[in-house]
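Under this note's numbering, the first residue of the sequence shown is numbered -2, with each subsequent residue one higher.
Relax, there's no trap hidden among the hints.
Listed next, with one range per pair, are the computed distances between beta-carbon atoms: (1) R124 x N80: 25 to 33 angstroms; (2) I19 x S115: 40 to 48 angstroms; (3) R110 x E77: 21 to 29 angstroms; (4) T81 x K53: 25 to 33 angstroms; (5) K135 x K53: 20 to 28 angstroms; (6) E50 x A23: 39 to 47 angstroms; (7) A155 x I19: 51 to 59 angstroms; (8) M56 x I19: 52 to 60 angstroms.
Straight line, CA to CA, 16 angstroms or less: simulated EDC-like cross-link-like pairs of lysine to aspartate or glutamate: (9) K66 x E89; (10) K158 x D71; (11) K154 x E51; (12) K53 x D106; (13) K135 x D106; (14) K154 x E49; (15) K154 x D71; (16) K59 x D147; (17) K154 x D106; (18) K135 x E156; (19) K135 x E77; (20) K149 x D96; (21) K149 x E60; (22) K158 x E77.
Since the hints were made in silico from the structure, they are not lab data.
Every residue gets a Cβ at the ideal spot worked out from N, C-alpha and C, and that includes glycine.
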Amino acid sequence: MTSQTKAEQTGAAGWTRRRFIITLGAASAAAAGLTALPGGAAWSAEDAKTVEEEIKRLMGGKELADGAKIISMDLPQIAENGNTVPLEVSVESPMTEADHVTTVHIVADGNPRPGVASFHFSPLSGRAQASTRMRLAKTQNVIAIAEMSDGKAYMTKAEVKVTIGGCGG
-2 MTSQTKAEQT GAAGWTRRRF IITLGAASAA AAGLTALPGG AAWSAEDAKT
48 VEEEIKRLMG GKELADGAKI ISMDLPQIAE NGNTVPLEVS VESPMTEADH
98 VTTVHIVADG NPRPGVASFH FSPLSGRAQA STRMRLAKTQ NVIAIAEMSD
148 GKAYMTKAEV KVTIGGCGG
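All chains should be modelled from the sequences, with the hints used to inform the complete structure.
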């Protein structure tokens, strides 16, 4: 075995194993930080849609009737933190093969991407009820749209006041 001199260990470009590992770690940390920046990989201003565009995309121009009597949304009037706003939605329906809820869409009109969630149901679901947590950018309306098996669609909305920013700050 021969011992190598310091010059032989560093190589022609002056790189040591320690220097290479430190540089690789710093580059990885920088790359991870760039993807976490607002407006980075998640979404951009061009991606932002209006709530009307989102509803049109979801419903295809279908007429929406007032659903205040059949759609129930349980969500806070004031959300202390926009990052985790609880929501429970339910739709009154017999949930039979002939008469049931097929889909419930949740849309938030102040978010950069208004489509929050879509829940799909069948008569085997028993009840048209779902709960989740959502992120709200600011004070805004949360809209629930229920599609029924007979082709009808109902809509209702509720305002949520956000005191600490969610999506947007």
